[in-house]
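Chains as they are written, first to last, in the working numbering: chain P, 1 to 108; chain F, 109 to 227.
In short, the hints are calculated from the structure, not lab data.
Any given hint might turn out to be false.
Said to hold, decoys possible - These stretches of chain F come out as covered by chain P in the derived footprint (C-beta under 8 Å, 3 or more residues): (1) 126-135; (2) 161-174; (3) 208-218.
Glycine included, every Cβ here is placed at the ideal spot set by N, Cα and C.
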Amino acid sequence: DIQMTQSPSSVSASVGDRVTITCRASQGISSWLAWYQQKPGKAPKLLIYAASSLQSGVPSRFSGGGSGTDFTLTISSLQPEDFATYYCQQANSFPLLTFGGGTKVEIK
Amino acid sequence: QVQLQESGPGLVKPSETLSLTCAVSGYSISSGYYWGWIRQPPGKGLEWIGSIYPSGTTYYNPSLESRVTISVDTSKNQFSLKLSSVTAADTAVYYCARVWFRYKVFDYWGQGTLVTVSS
Numbered sequence: 001d002i003q004m005t006q007s008p009s010s011v012s013a014s015v016g017d018r019v020t021i022t023c024r025a026s027q028g029i030s031s032w033l034a035w036y037q038q039k040p041g042k043a044p045k046l047l048i049y050a051a052s053s054l055q056s057g058v059p060s061r062f063s064g065g066g067s068g069t070d071f072t073l074t075i076s077s078l079q080p081e082d083f084a085t086y087y088c089q090q091a092n093s094f095p096l097l098t099f100g101g102g103t104k105v106e107i108k
Numbered sequence: 109q110v111q112l113q114e115s116g117p118g119l120v121k122p123s124e125t126l127s128l129t130c131a132v133s134g135y136s137i138s139s140g141y142y143w144g145w146i147r148q149p150p151g152k153g154l155e156w157i158g159s160i161y162p163s164g165t166t167y168y169n170p171s172l173e174s175r176v177t178i179s180v181d182t183s184k185n186q187f188s189l190k191l192s193s194v195t196a197a198d199t200a201v202y203y204c205a206r207v208w209f210r211y212k213v214f215d216y217w218g219q220g221t222l223v224t225v226s227s
């Protein structure tokens, strides 16, 4: 099974800050990686697919990068509505899909 | 606009079977795409449970495979989840979602339904 490890588990930041979250796969997954945003009491929302492609309607301050085993999600200028938990998901072993443990972005 | 809505009992007794249904609107299940179930224990992360194709082909998380059954009813445009022999560890919010096959990600999600396992 492919394990996904996110770091940090939480980060405190201020509005306007640049925030980068990391996701590491236990084996190479090419670019088969997605990022989701989840707010309390809500379903996850797809932000990024294929490691770096922005889902329709997602603000351009979100960007994804990486390939192989190491990936990043960057928020270039944190906005109040971006405080949430972010999850990565590998799709290399489809139909078996696994998520990272999540990174909570909190207000500093 | 694709919409998914989970339904089912919010309370299940230990050792019994959890049963949920996901009704899909705005898209015909029989037209394609995989459809999946994901769960999230309170305060924890996301866990993929399994997926189904309209043909009935299913794939399950190996850690749950012995207890899970996912089925589809194209005439009602819905798919269902059954999880047997539940314990308190199965208490979670259960989500249904559509799998965007080209990129193998979940692009549309239901709002989720909390299922508590307790006597």
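task = Provide an ascending list of the numbers of those earlier hints which the structure does not satisfy.
result = Violated hint: only 1; rest satisfied.
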